[in-house]
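**Student:** Which chain is which? The protein sequence lines are L and W, in order.
In case it helps, our numbering puts the first sequence at residues 1 to 358.
In case it helps, our numbering puts the second sequence at residues 359 to 676.
Derived from the structure by calculation, the hints contain no laboratory data.
We put the CB at the ideal spot given by N, CA and C, even for glycine.
A hint or two may mislead.
Stated by the list, open to error - For the chain W half of the interface with chain L, some residues (derived, Cβ under 7 Å), not all of them:
id : residue
1  : Leu540
2  : His550
3  : Gly591
4  : Asn594
To be verified - Label pairs and their in silico Cβ distance ranges:
id : chain 1 : residue 1 : chain 2 : residue 2 : range
5  : W       : Pro646    : L       : Gly32     : 48 to 58 Å
6  : W       : Pro396    : L       : Gly181    : 34 to 44 Å
7  : W       : Asp517    : L       : Gly181    : 15 to 25 Å
8  : W       : Pro396    : L       : Phe27     : 30 to 40 Å
9  : W       : Glu544    : L       : His156    : 41 to 51 Å
10 : L       : Phe27     : W       : Glu448    : 28 to 38 Å
11 : W       : Arg650    : L       : Trp30     : 42 to 52 Å
12 : W       : Phe607    : L       : Leu176    : 52 to 62 Å
13 : W       : Gly479    : L       : Ala165    : 51 to 61 Å
14 : W       : Leu640    : L       : Asp6      : 53 to 63 Å
15 : L       : Gly261    : W       : Asp440    : 54 to 64 Å
As the list claims (entries may be wrong) - To spell it out: a stretch of chain L is covered by chain W in this simulated footprint if at least three of its residues, at any positions, have a beta carbon under 8 Å from a beta carbon of chain W; those stretches are:
id : region
16 : 80-91
17 : 144-151
18 : 213-225
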Amino acid sequence: MGGPNDAALAEPHTSHGDAINRGINRFTEWTGYSSRRVTDDPNGPRDNPFYRDNAQHMPGWGNTFGLDFLDPHGLPSGATAQDRATNYVGQNDPTGVWAGIRRRLVENEGGYIDQLPRGPDGRPQGNIGFGQVYQAHVDAYNAEHADAHASGRDTHAANSFVDPASFALAMYGAPLMEHLGINAGPITGASIDYFNDPTDSATAGWAKRMGLAGAEIGAGALMMTNPVTFLPGLATAGLGAFGAGWNTASAIGAGMLGEWGDAIGDGAQAVGRGISSGARAVGRGISTAATTVGNVASDVGHGIADAGRSAWNTAGNVASSVADTASNAWHGATDMAGRAGSAVSGAASSAWNTVSDW
Amino acid sequence: MEYRLGLVIVLALVLGGCMKKTQPVETGPAEWEPIALPTPATYRDVVVRQIRGSGPNDIWVLANAHRTDNPGAPYGLSFHFDGKQWNLAEVPARATNTIVPISPTEAWALGVYGTVARWDGKTWTAEKIVGIDWDLIDAAGWHDDIWVAGAGQGLVHFDGQRWTDVRPPELGTMGIHKVFALPNHELLVPRHDKKDDPAIVHYAKGQWRIDPVGPGGIVLLAATGPRDIWAIGAKNHSYHFDGFRWSKFPTSDGYYIGAWATSPTEAYIVGEHGEVLIWDGLAWKRSPSGTRARLWTVFAPPGGKPIIGGDGVLLQKK
């Protein structure tokens, strides 16, 4: 294959960079993900060259802030960031969600590139903006989720695209690692797997991002205790707070509260079934125990009655009556206990069935 | 205090709901036996992604595998069965997403970023389809008439001369992941729309038409002809068309990835956790595969035994 920027955008390999990335790869694999490139061989499967082929049209330090020297490989950092992203995720894609998002991103960003002014050679000139790249990602996630739900391919996937501040870190920050000889691919792939996985539910994605935001706020607060690191700390804490707010709002928009309702329904059903069967078992236990105690008491009562008859004929009749009364009372008690147990069991069962149905 | 108690109860209910897990499938005594592939010693962890063939003496297997000298990267790998033995094939690695075997001297393999390769009976020739800058996921067709799904709107079509991006309104605006070619040269495409129940779009003799199926989504297609068509959901349901009407049949709570039909009384579905369902003419029944691996694909050559493949396995019905 061999695109125009393949050589320029090749991942750096240094002893320290490769050592760091081996550690990242081991950790992500230990947690059930993969942060390895889909292939290092241009003739191998899965490689997506779109961001290399269109590198000059991507936003970066130079064309956004005038800081060209910060763009790695002499090409906009957005090209490095997105090449590493698209080629370090989605290694295992049974539902086709990753493939769908990859295509939608190419189409969405390709559409923005097509709208750029044309040069004398008829080719697009200049670059698309950070906002367009961000919107392309938001739209790709939303459209793919709607598609996966409608087709039934993946009704669980609903994790909306991450907040713009975190995305800016990925677009401008992560590629800086490549100036230091560290391939940004594994950390980019891992961060997408952990915090931006489109196959996650809205709740799972939100929970992970809240964990990250909490860590950022905590670390920022700690840094703010030192005057030297106060400003970076403030920025870190601010990033965390912004991410927490933005991602909560987008998760709600993606149906997180509906997922909670479903989970509560499922949980209530499971807990209700457990309590219902537990209550039935307790009721049956009480009933059985009460019947046993009643039978023993009845036997004792009859024994007393028999003894009374033989000892005192006259008084024996009275004692027998008393004993029969006691026996009847115990039988009544056992019946009542049994009925009470059944009633408790039935009431608990129907109450929880009602709760679970609701 | 009551507030805290209520919070604890709600959290317990949420956790209870979140932790509810589907019971694992009981595999039981295996009804399938392994097939040995001639995998090169430098490859490991072979994942069989698709099995297709034009007959019992022309079966192709597309797979991914890790190379021992580069353990991180999955490479495309392919095999061919000529009726006597399995051989390593040379399908271009970037075209190992899907294959359409037309005959022993014609096959089309498609893959990433618009890559297509053609088999002429002796060699594979690969090219990049100009203007198709996305992955090609599934394909079907006949001689010089190939249709391709690319996980987005519309289809890519080869008419014997050139490839074009085709987007008739009947296909709707949702992504297309499956296509199926009937022997009578009728193309089937699942259609999903936010407003309507899923449908199958038929293409025959230059005309597109929409045939509503039923609620629940269509993830897989399998058919032997216009009077034996399966539209299968990812889980719980399937629809069968007998030439007159669609009838719904339950499958199970598993997640299904591959399907194949050989007759109105024999069809197969495979999916997660080694689950295999076989249609016997009346109902879908579990067939213990002897594996818990994810199964990606199933194929049954006419007159031959069905073959299933997945993560590290290629199995044939005993």
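**Student:** Does each hint hold? Answer for all of them.
**Tutor:** Evaluated hints:
Hint status for Leu540(W): violated, given a least beta-carbon distance of 21 Å to chain L, over 7 Å. Taken as an interface hint, His550(W) checks out: its beta carbon lies about 4 Å from the nearest beta carbon of chain L, inside 7 Å. A cut of 7 Å between beta carbons decides the hint on Gly591(W): the least distance to chain L is about 5 Å, and the hint holds. A cut of 7 Å between beta carbons decides the hint on Asn594(W): the least distance to chain L is about 9 Å, and the hint is violated.
For the hinted restraint 48 to 58 Å between Pro646(W) and Gly32(L), the CB-CB distance of approximately 27 Å leaves it violated. Taken as a hint, the range 34 to 44 Å holds for the pair Pro396(W) and Gly181(L), whose Cβ atoms sit roughly 40 Å apart. Remark: the range hint 15 to 25 Å for Asp517(W) to Gly181(L) is contradicted by a beta-carbon distance near 50 Å. At roughly 35 Å, the beta-carbon separation of Pro396(W) and Phe27(L) lies within the given 30 to 40 Å, and the hint holds.
Distance hint check: the CB atoms of Glu544(W) and His156(L) are about 34 Å apart, inconsistent with the given range 41 to 51 Å. Taking 28 to 38 Å as the suggested C-beta distance range, the pair Phe27(L) and Glu448(W) conforms, at roughly 37 Å. Take Arg650(W) and Trp30(L): their Cβ atoms lie about 21 Å apart, and the range 42 to 52 Å is violated. At about 56 Å, the CB distance of Phe607(W) to Leu176(L) agrees with the hint of 52 to 62 Å.
In this structure the supplied range 51 to 61 Å holds for Gly479(W) paired with Ala165(L), their Cβ-Cβ distance being about 57 Å. Judged by the Cβ atoms, the range 53 to 63 Å given for Leu640(W) and Asp6(L) holds: they are separated by roughly 56 Å. In this structure the hint that Gly261(L) and Asp440(W) lie 54 to 64 Å apart at CB holds, the actual value being about 56 Å. Only residues whose beta carbon comes within less than 8 Å of a beta carbon in chain W count, and the region 80-91 of chain L has 1; fewer than three means the coverage is violated.
Counting residues of the region 144-151 of chain L whose CB lies closer than 8 Å to any CB of chain W gives 5, which reaches the minimum of 3, so the coverage claim holds. Counting residues of the region 213-225 of chain L whose CB falls under 8 Å from any CB of chain W gives 0; the rule of at least 3 is not met.
Hint compliance for this structure: hints 1, 4, 5, 7, 9, 11, 16 and 18 are not met, and every other hint is.
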